[in-house]
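Turn these sequences into a full structure, and let the hints guide you.
2 protein chains.
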Amino acid sequence: MIEFWFEFASTYSYPAALRIEKCAAETGHEIVWRPFLLGPIFREQGWDNSPFNIYAAKGNYMWRDLERICQAESLPFRRPTIFPQNGLLAARVACTDGNGGWLPDFVRAVYSANFADDRDISLPATVATCLTGHVADPEVVMQAASGGGAKARLRANTERAVELGIFGAPSFIVDGELFWGNDRLETALAWKQGD
Amino acid sequence: MIEFWFEFASTYSYPAALRIEKCAAETGHEIVWRPFLLGPIFREQGWDNSPFNIYAAKGNYMWRDLERICQAESLPFRRPTIFPQNGLLAARVACTDGNGGWLPDFVRAVYSANFADDRDISLPATVATCLTGHVADPEVVMQAASGGGAKARLRANTERAVELGIFGAPSFIVDGELFWGNDRLETALAWKQGD
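Respectively, the protein sequence lines represent chains R and E. So for the first sequence, this note's numbering puts the first residue at 958; every next one is plus one. So for the second sequence, this note's numbering puts the first residue at 958; every next one is plus one.
Treat the hints with caution; some may be incorrect.
If several chains are the same, the list does not tell them apart, and a pair holds so long as it fits within one copy or across any two.
What the hints assert, rightly or not - Computed cross-link-like contacts, SDA-like style, restricted to lysine to any residue with a CA-CA straight-line distance of at most 20 Å:
no., residue 1, residue 2
1, Lys1149, Ala1029
2, Lys1149, Leu1023
3, Lys1015, Ala1085
4, Lys1015, Trp1004
5, Lys1015, Thr984
6, Lys1015, Arg1065
7, Lys1108, Trp1059
8, Lys1015, Gly996
9, Lys1149, Arg1110
10, Lys1149, Gly1105
11, Lys979, Trp1059
12, Lys979, Lys1015
13, Lys979, Glu1001
14, Lys1108, Glu1096
15, Lys1015, Asp1140
16, Lys1149, Ile959
17, Lys1108, Phe1034
By construction, these hints were calculated from the structure, which means they are not laboratory data.
So this is what it looks like as structure tokens:
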């Protein structure tokens, strides 16, 4: 099992989300999808924005690095007009009950909307489009996303992330070991307890 | 050619410094050693300490991650009692004139003193020991390190680092492309202009 902790605004979560199923299949890991929010974690650190916006040199590097990674992975990439985007609604959708079957498709669709198609993922219309074709009735799921259950699950995930020592996304947990960053996906999947 | 930008206090520069010669030999790259100081760059960002000390979750993760990396690379590792250490004197030694022949040996010795042997690298005695066996007379080099030439070269390197968009260590530059982090060494060495 590999826990995949992701936040829809997170740049490096994009290649991770699009790679993880193929990579996990090769090593025989089951993926546990863990949507959470980085905003509350960043605010605890005194940041009211992405560190990539606060620290310009780091941000400049990140955009170029992400472009290189996407090119190497043959993933389409367009730098989003808005960064970071507000992924709250999409994260609540990902936390609705009974998301088992369609969640991976939805997650990939939201990341592609954000980082390949430069669409505003905070809009209900964008999120509904990301559900289309994957669920019987997107409107029913959108309704569920505004319910207390989805909100509580997302809050609990974010609190759990802090307890686990998570401070950024994507993060992976295998056998209790924490790995941070798209570039640690392979290392996480190769991890064996006792290493 | 690969430019290797390093700071003696930097944790992830330790495995990079101990790996780079073997890795660069395999790809036929000549290494240009670029000692610089992160302190002034961090202060520009409003940090008076390492971000690994300021942000506890990130620091906890880094120490565990570094331990795993060193284990995988069969590098000895002991968490330093003092972090970050003051690498100013060692960096000035690395900036003395005529350092061509012995610099790689000295750099490896300083990193090993810091991260394998938990010695205080701010002390002249430690730095002199790191020169022993690699230069004819360590005292002559120590004298040169306190001269204006070495100080000016180190200041110029740090200013150049900022101009190049460097914000952390280790950083690598190949064909004008910047790569940040020990985990990007292989990517940097594989880089071809026009990629």
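A quick look at each hint next to the structure:
Taking the shortest Cα distances, Lys1149 and Ala1029 sit within 20 Å of each other only across copies (12 Å), while inside one copy they are farther apart (28 Å). With identical chains, the CA atoms of Lys1149 and Leu1023 are at most 20 Å apart between copies only, with a shortest distance of 17 Å across copies and 29 Å within one. Proximity of Lys1015 to Ala1085 under the C-alpha cut-off of 20 Å is found in neither arrangement, the shortest distances being 33 Å within a copy and 35 Å between copies. Taking the shortest alpha-carbon separations for Lys1015 and Trp1004, both the intra-copy value of 15 Å and the inter-copy value of 14 Å come in at or below 20 Å.
In this assembly of identical chains, the alpha carbons of Lys1015 and Thr984 never lie at most 20 Å apart, being 33 Å within a copy and 28 Å across copies at closest. In this assembly of identical chains, Lys1015 and Arg1065 lie within 20 Å of each other by CA distance neither inside one copy nor across copies; the values are 26 Å within and 27 Å between. For the homomeric pair Lys1108 and Trp1059, the shortest alpha-carbon distance inside one copy (19 Å) is at most 20 Å, but the shortest distance between copies (60 Å) is not. Proximity of Lys1015 and Gly996 under a CA criterion of 20 Å is satisfied in both settings, with 18 Å inside one chain copy and 16 Å between copies.
Neither within a single protomer nor between protomers do Lys1149 and Arg1110 lie at most 20 Å apart by alpha-carbon distance, with minima of 29 Å and 46 Å respectively. When the C-alpha separation of Lys1149 and Gly1105 is checked against a cutoff of 20 Å, the pair qualifies neither within a copy, at 38 Å, nor between copies, at 52 Å. Proximity of Lys979 to Trp1059 under the C-alpha cut-off of 20 Å is restricted to the intra-copy arrangement: shortest distance 16 Å within a copy versus 46 Å between copies. In the homo-oligomer, the alpha carbons of Lys979 and Lys1015 never lie at most 20 Å apart, since the shortest distance is 30 Å inside one protomer and 28 Å across protomers.
Taking the closest pair of Cα atoms, Lys979 and Glu1001 never come within 20 Å of each other, the shortest separation being 34 Å inside a single copy and 42 Å across copies. Within a single copy, Lys1108 and Glu1096 get their C-alpha atoms as close as 17 Å, which meets the 20 Å cut-off; across copies the closest is 66 Å, which misses it. Taking the shortest alpha-carbon separations for Lys1015 and Asp1140, both the intra-copy value of 17 Å and the inter-copy value of 16 Å come in at or below 20 Å. In the homo-oligomer, the alpha carbons of Lys1149 and Ile959 lie at most 20 Å apart inside one protomer (12 Å), although the nearest pairing across protomers, at 34 Å, exceeds that limit.
Proximity of Lys1108 to Phe1034 under the C-alpha cut-off of 20 Å is found in neither arrangement, the shortest distances being 30 Å within a copy and 44 Å between copies.
Hints 3, 5, 6, 9, 10, 12, 13, 17, counting from the list given before, are not met by this structure.
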